[in-house]
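Colleague: Each protein sequence line maps, in turn, to chains A and B.
Letter by letter, the first sequence follows residues 1 to 113 in the working numbering.
Letter by letter, the second sequence follows residues 1001 to 1111 in the working numbering.
Errors might be hidden in some of the hints.
[Said to hold, decoys possible] So the derived label-pair ranges between C-beta atoms look like this:
| # | chain 1 | residue 1 | chain 2 | residue 2 | range |
| --- | --- | --- | --- | --- | --- |
| 1 | B | H1075 | A | Q18 | 42 to 48 angstroms |
| 2 | A | L113 | B | L1058 | 39 to 45 angstroms |
| 3 | A | N59 | B | K1056 | 28 to 34 angstroms |
| 4 | B | K1059 | A | L98 | 41 to 47 angstroms |
| 5 | B | S1012 | A | Q99 | 34 to 40 angstroms |
[As the list claims (entries may be wrong)] In silico contact screen, one side only, chain A against chain B (beta carbon under 8 angstroms); selected entries:
| # | residue |
| --- | --- |
| 6 | T31 |
| 7 | Q41 |
| 8 | Y50 |
| 9 | E51 |
| 10 | Q56 |
| 11 | L90 |
| 12 | R97 |
| 13 | T101 |
| 14 | G105 |
| 15 | P106 |
| 16 | G107 |
Rather than coming from a laboratory, the hints here were simulated on the basis of the structure.
Predicted model only: the values in this text are computed from it and were never measured.
All C-beta atoms in this analysis are idealised placements derived from N, C-alpha and C, irrespective of residue type, glycine included.
Chain residues, written in single-letter form:
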Amino acid sequence: DAGVTQSPTHLIKTRGQQVTLRCSPKSGHDTVSWYQQALGQGPQFIFQYYEEEERQRGNFPDRFSGHQFPNYSSELNVNALLLGDSALYLCASSLSRLQETQYFGPGTRLLVL
Amino acid sequence: TQLLEQSPQFLSIQEGENLTVYCNSSSVFSSLQWYRQEPGEGPVLLVTVVTGGEVKKLKRLTFQFGDARKDSSLHITAAQPGDTGLYLCAFSRGAGNMLTFGGGTRLMVKP
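For reference, chain A alone in the conformation it holds in the complex:
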C-alpha cells in the first residue's frame, strides 16, 4: 500500500516563474492538505481540498492555488514566484475531513533563485 507520494522531489525556478507541484494521497484517502515548511521552521498550513473544492485556507496569498482531481490527487500552483517561496512543500492526506490523523508525503523542495 503506497503512502503519500509527491513529485517532483526537487525543483529550481527563478523569480517570477510559475510552478506546479503534485501529490497522490494514500490509498483510500479523500482529503488532501498542503503545507509550506521554510528552512528551520515548522510546517505552515496552506489549504485543504476535499470533494475537488478548497475547503480551508491558511494565511497565504492568492498566488497560491490548487486543484483536486476526481481520483483525489492534488496539485499546488504558485504564480509569480518570490525568493521567499523557497521551502519544502508537504502534502498530507487523511481518510476524511473529520479524521485527525494526517499522513505526510516526503515533500517537494523548491528553490527560487
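Fit chain B to the supplied structure of chain A, relying on the hints for placement.
Modeller: Chain B alone, transformed into the frame defined by chain A:
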C-alpha cells in the same frame, strides 16, 4: 507570535543521554500531537495526547500533556542516533483538522 513555542530549538547530545523537549502555549487545547521528521521526509505522527495530565509511552519516548492542557513535554530515555530528527508539536483546528505546528526542536544524537 507562534501559538506553540517549542524549546530548545536545537539539542545535541551523546548516545545514552536523556533529554526533554517542551511545547508551550497560553492557549488551551483539546489535544496535542507530536511528530518526528527525519531529513528528506515528511513528519510522522508519534502520538496524540488528549486528557490533561495524560502520560503516554512509546518505547523510550514518554509524552505528557499538562494538567491545564496548555503544554506538553517529550522525554527520551537513553537516546540513540536513530532518534535524530526534528520533533514537532501541533494541534488541529477547524472542520478539516487543519494542523498548526510549533517551530520544532532539532535533535542530534551523536554516537
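Colleague: Does A/Q41 pass the interface check with chain B, least Cβ-Cβ distance below 8 angstroms?
Modeller: Holds. Min distance 6 angstroms.
Colleague: Go through the hint on A/T31 and say holds or violated, using the shortest Cβ distance to chain B against 8 angstroms.
Modeller: holds (7 angstroms)
Colleague: Please check whether A/P106 passes as an interface residue: C-beta within 8 angstroms of a C-beta belonging to chain B.
Modeller: This hint holds: A/P106 lies near chain B, its Cβ roughly 5 angstroms from the closest one there, short of 8 angstroms.
Colleague: Using the nearest Cβ pair, does A/G105 come within less than 8 angstroms of chain B?
Modeller: holds (5 angstroms)
Colleague: Can the hint on A/L90 be confirmed by a CB-to-CB distance to chain B that is less than 8 angstroms?
Modeller: holds (5 angstroms)
Colleague: For the range 28 to 34 angstroms, tell me whether the beta carbons of A/N59 and B/K1056 fit it or not.
Modeller: holds (32 angstroms)
Colleague: Given A/Q56 was flagged as interface, is its beta-carbon under 8 angstroms from a beta-carbon of chain B?
Modeller: holds (5 angstroms)
Colleague: Do the beta carbons of A/L113 and B/L1058 sit within 39 to 45 angstroms of each other?
Modeller: holds (41 angstroms)
Colleague: Regarding the hint that A/E51 lies at the interface with chain B, is the smallest CB-CB distance below 8 angstroms?
Modeller: violated (11 angstroms)
Colleague: Would the stated hint for A/G107 survive a check requiring a Cβ distance to chain B of less than 8 angstroms?
Modeller: Given a least distance of 6 angstroms, the restraint on A/G107 holds.
Colleague: Falls inside 42 to 48 angstroms, the C-beta gap from B/H1075 to A/Q18?
Modeller: holds (46 angstroms)
Colleague: Return holds or violated for the Cβ distance of B/K1059 and A/L98 against the range 41 to 47 angstroms.
Modeller: Cβ of B/K1059 to Cβ of A/L98: about 30 angstroms, so the range 41 to 47 angstroms is violated.
In this structure, the earlier hints numbered 4, 9 are contradicted, and the remaining ones agree with it.
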